[in-house]
Structures are given as structure tokens and as C-alpha cells.
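Colleague: If you want the building blocks of each chain, they are given just below.
2 protein chains.
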Amino acid sequence: MSLSLDRCCIHTITTKLWSLPEAVEHYAAAGVKGISVWQNATEGIGPLRSGEIIRQAGLEIVSYVRGGFFPHTSGAGRAQAIDNNKKLLEEAAALGAPMIVLVCGASPDQSMQKSREQIREGIEAILPLAEKLNVKLAIEPLHPMYAADRSAINTLAQANDMAESFNSPFVGVAVDVYHLWWDGDLEKEIARCGAHGNLFAYHICDWKVNTIDLLNDRGLMGEGCIDLKKIRGWVEATGFNGFCEVEIFSNIHWAKDQHLFLNEITTAFLES
Amino acid sequence: MSLSLDRCCIHTITTKLWSLPEAVEHYAAAGVKGISVWQNATEGIGPLRSGEIIRQAGLEIVSYVRGGFFPHTSGAGRAQAIDNNKKLLEEAAALGAPMIVLVCGASPDQSMQKSREQIREGIEAILPLAEKLNVKLAIEPLHPMYAADRSAINTLAQANDMAESFNSPFVGVAVDVYHLWWDGDLEKEIARCGAHGNLFAYHICDWKVNTIDLLNDRGLMGEGCIDLKKIRGWVEATGFNGFCEVEIFSNIHWAKDQHLFLNEITTAFLES
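Read top to bottom, the protein sequences are chains A and B.
Going by the working numbering, the first sequence opens with residue 589, and the numbers climb by one from there.
Going by the working numbering, the second sequence opens with residue 589, and the numbers climb by one from there.
There may be inaccurate statements among the hints.
[Unchecked claim] Listed below are the simulated DSS-like cross-link pairs for lysine-lysine, each with C-alpha atoms no more than 30 Å apart in a straight line:
#1 A/776 with A/702
#2 A/817 with B/796
#3 B/817 with B/776
#4 B/796 with A/796
#5 B/817 with A/702
#6 B/818 with A/796
#7 A/604 with A/796
#8 A/776 with B/817
#9 B/796 with A/604
#10 B/702 with A/796
#11 B/796 with B/776
#12 B/776 with B/702
#13 B/776 with B/844
#14 A/621 with A/702
#15 B/844 with B/817
#16 A/776 with A/818
#17 B/702 with A/818
#18 A/604 with A/844
#19 A/702 with B/818
#20 A/776 with B/702
#21 B/776 with A/702
#22 B/604 with A/702
[Said to hold, decoys possible] Calculated Cβ distances over 12 Å to all of chain B for the following chain A residues:
#23 617
#24 686
#25 720
#26 731
#27 738
#28 742
#29 769
Just so you know, the hints here were simulated from the structure itself, not pulled from any lab data.
C-beta: ideal position from N, C-alpha, C; glycine also.
Construct the entire structure; sequences and hints are all you get.
Modeller: The structure is reproduced here in C-alpha cells:
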């Protein structure tokens with residue numbers, strides 16, 4: 589299936605130099621139809637007003653980013669994380685976002701298995717509120733290079749295991765090519781994710797062969813080695829026809845004129 | 589089992605500022621018993637003479653590093669890689685090394701599955717010479733952050749699959765904690781590796797929580813978040829009682845006095 593901008597969503601972090609109103613205006617003018625809102629983008633505006641601004645411009649809110657970070661060695665830290673996630677869910681509801689993305693967290697001071705148990709407990713604790721507010725939870729597995737302190741869920745298999753264990757229409761998975769492209773089980777696990785109704789979101793960018801920064805050197809689609817069309821084919825084979833969300837953290841792209849960057853994004857998107 | 593320096597091997601790259609004779613002298617003086625020799629360390633000396641220098645100092649040669657890099661989009665590139673590996677095997681035999689380590693390679697211009705097929709073909713092509721020279725081949729799975737161009741084998745499961753497919757006492761696996769610590773299947777796959785007689789080598793260092801460089805920011809044992817004692821326990825549960833090979837690439841550690849660094853290594857080793 590060829591892509592059109594009707595399925596293009598951009599994460600506000602991708603053009604983080606723009607305020608939310610600027611991003612909304614420029615995305616809409618470029619023909620982009622969706623926006624995923626990072627929490628920092630609503631600061632000073634508030635989620636309610638942010639939602640109005642977005643809808644007035646004709647954009648659809650795809651997700652609110654990001655919850656999670658459940659594991660802590662202290663019970664107080666875990667309770668605080670649960671409170672933070674509940675606040676995020678309330679904001680998502682005020683914004684009008686149908687889903688929050690969970691970067692699940694990890695602690696270098698305990699085993700990954702322990703962290704995964706705490707992630708499960710955290711999701712259990714916030715699930716009733718998510719249901720009440722009608723906001724879904726998308727577990728995002730992160731690349732193994734983030735296993736120390738960002739996520740103890742590092743493969744789609746682990747995310748699928750976690751999501752399936754809840755057996756809830758409110759708990760699913762966000763598939764991000766940056767984190768998962770290397771996995772030999774990816775095709776199989778995407779099919780599994782779809783078969784269980786758990787494929788909630790699809791994030792795209794690219795993996796640069798000569799990545800120079802572990803966090804902020806993601807590539808624009810086409811700049812790297814990920815076979816985006818192949819992976820999108822696996823995603824769409826499950827029946828997924830939602831937004832493809834462009835999420836790029838890049839010191840290099842942030843240093844350029846952001847109108848030029850947006851133009852590069854929409855051009856690259858059509859070939860992804 | 590507590591560790592003693594009798595099981596301590598150091599890769600020459602770890603103290604790359606020292607020449608091979610310097611490294612040998614200082615390792616031996618520190619009570620280190622094993623050395624894994626990187627190809628560059630023998631330049632200007634030759635493998636035969638390098639082996640003599642090492643044995644005269646009472647050190648044992650654990651492995652010669654590193655072969656592999658089999659995948660290429662061109663047949664000429666693949667043939668060249670096989671020639672390079674045959675040359676490396678001849679050098680290993682001259683050196684007196686019982687094993688070479690294979691960093692298997694990958695090409696960003698083709699699928700990882702294609703690269704894995706070419707890795708298999710490469711190993712097939714060099715295996716007769718390895719048998720003839722009595723030099724073993726240790727497949728080293730690399731961290732997924734190296735999947736673009738360094739290795740299409742990124743989990744111990746994949747390395748085990750590959751090694752078992754040869755069913756040869758000359759093809760096994762090198763388990764390096766840096767590459768594998770994050771994997772939820774690690775305990776199971778180490779047991780599997782051992783059960784098939786394929787656990788040829790065990791490499792240690794640490795994963796720093798705030799890693800700042802994808803290649804050269806490995807931690808000294810204890811500096812990071814890897815539970816080294818737990819993983820060594822899994823390794824030893826298979827019956828492995830060979831060398832624990834210290835392999836650290838670190839701009840930070842290379843910038844310090846290398847005698848101080850060696851002292852830090854032997855101290856940290858005993859707690860690993």
C-alpha cells in the first residue's frame with residue numbers, strides 16, 4: 589500500500605524548537621493530518637486548550653507522550669511513578685488523546701526481571717483510571733541500548749507478553765522501527781501483536797549506520813538502513829491502517845531550519 | 589565460585605597503548621595468566637615471534653581476534669572476506685592460538701537474513717582450514733546497536749542456532765556480557781550453548797548506565813549495571829571453567845596511566 593499524508597502523524601518532539609501552536613500551524617499547512625503531543629509541548633498552554641488548538645486546525649491527536657518509568661528500588665519511587673502516570677492520563681483525557689505511550693522504565697540497581705514485575709504492577713495500578721477515562725496504554729519496547737535505565741522491555745516479544753497478560757482492550761503495544769528493526773523475530777511478533785488486537789501504534793524514523801549519539805541521532809526515513817516498506821507491510825498485514833507516527837530525536841535535524849526539515853519529513857514519509 | 593587471577597585473560601586492545609611485548613611483560617607481572625591477541629598487536633613482530641614472546645613470559649594464548657565480516661553485497665567482497673579469514677587462521681596457528689573470534693559482519697545494503705546466510709557460507713568456507721590447523725571458530729553475537737554493519741547475529745539464540753547448524757567441535761560461541769546482558773533469554777541460551785559443547789569463550793567488561801559512545805565507552809567491571817556474578821554463575825553452571833577475558837574499549841580508560849588501569853582491572857576482576 590502506498591502512503592499518503594492522510595496517514596502522517598508527527599510527534600511534537602520531532603520539531604521541538606516550535607511551540608505547540610507553531611507546530612500545529614505548520615503541520616496542517618504541510619498536509620499532515622495527525623499529531624502526537626509530548627507533555628512538554630502543552631506547558632504554559634494546558635492540555636485542554638492544547639486540544640482545542642489542535643482540533644481547530646483540523647489535526648487528529650494520535651497519542652500523548654509519555655508515561656511509564658515505573659521501576660524504582662524504593663516503594664516511594666514506585667508510588668510517585670504511578671501518581672505521575674495517573675496525572676498524565678488525566679491530561680491525556682483533557683487533551684482528547686485516545687492513548688498514552690509507555691516508556692516502561694528500568695533501574696540499573698535491580699534485575700531486569702524485577703523491573704518488569706514493577707512495570708506490570710504499575711500498569712495494573714493505572715489501568716482502572718485508563719478505562720474510566722477511555723485512554724489506552726501503549727507499551728513501547730525500547731532498543732536494548734536503553735535497557736539500563738529507560739526500559740526493561742526491549743523486544744516486541746516481551747511487550748507482547750506483557751500486553752497479553754492483561755487481556756484488556758486498553759493495553760497494547762507501540763511498534764517503533766528504531767527500537768525493533770534488528771530483531772530476527774520482528775515479522776512473527778508483529779503478526780502476533782496484531783492477532784491479539786494489541787497493535788496500537790506504529791512509529792517511524794531510521795537507524796543511521798554511523799550513529800554518533802545513543803539518544804539524539806535518529807535518522808529521517810531513508811537516511812539509514814531500516815527497510816521501512818517491508819516492516820510497514822508486516823504491520824499492515826495485521827489490518828493496521830492507522831497513522832504512521834514520525835518520531836525523530838536528532839541534534840543534526842534540530843540544528844537546521846525547521847520548515848526545511850518539515851518539508852524533508854513529508855517528502856520522506858511518502859517513500860516510507 | 590570465587591575468581592582468581594589464574595583465570596584472568598586480557599585482550600590486547602584493552603591496553604592498546606602498549607606494544608605486545610609491553611603488554612605481555614606487564615600482564616605477567618600483575619599475575620594475569622592469559623592473553624587474547626588482536627591482530628594489530630602482532631604487526632611488525634609477526635605471529636610466530638609474538639607467540640614465543642607470550643609463552644616465554646608464561647602467559648597462555650586464549651584467542652586471536654578477530655575474524656568474520658563475511659557479508660558483502662558483492663561476490664568479490666565475500667571472496668575477499670573468506671581469504672582474509674583464512675589468512676587469520678594461518679596467523680592464529682603460527683601464533684599458537686587455539687581459537688579465533690568471529691565478529692560475523694553485516695551489510696546495511698541487504699537484509700539481515702541475507703547477511704546471516706552469507707555468514708553461514710563464510711564459516712563453511714573456512715571450516716576445513718580451521719580443522720586442519722586445529723583452530724576453533726567462536727561466533728560472537730554483538731549488541732543490536734551494531735546490527736547495521738558489524739554483526740547480523742545479535743542474540744545468543746541466533747549464535748547458538750548458527751553454531752549448532754554446523755555440528756562441529758570447531759564451531760562454537762563467544763559469550764560477551766557487553767553484548768548480551770540485556771537479553772531476557774540469556775540464562776536459558778547460556779545453558780543451551782553449554783549443553784551443546786559450544787561455549788568456547790567468556791568475555792567481560794561492564795555496561796555504563798550513561799554510555800556516551802557506541803563503540804569506545806565500555807566500563808570496567810563494576811562501573812556499570814551488569815550483574816557479572818550472576819552471569820558467570822550461569823556460565824560456570826555449564827561446566828565452563830576457562831578464562832574470563834577482559835575486553836574493554838574505552839577512550840576514558842585509554843586516556844589514563846595504563847599501569848593504573850591494569851591495576852584497576854586485576855582488582856575489579858576478582859570481584860567479577
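Colleague: For each hint given before, does the structure comply? Return the numbers of the non-compliant ones in rising order.
Modeller: 2, 6, 8, 13, 14, 22, 26, 27, 28 and 29
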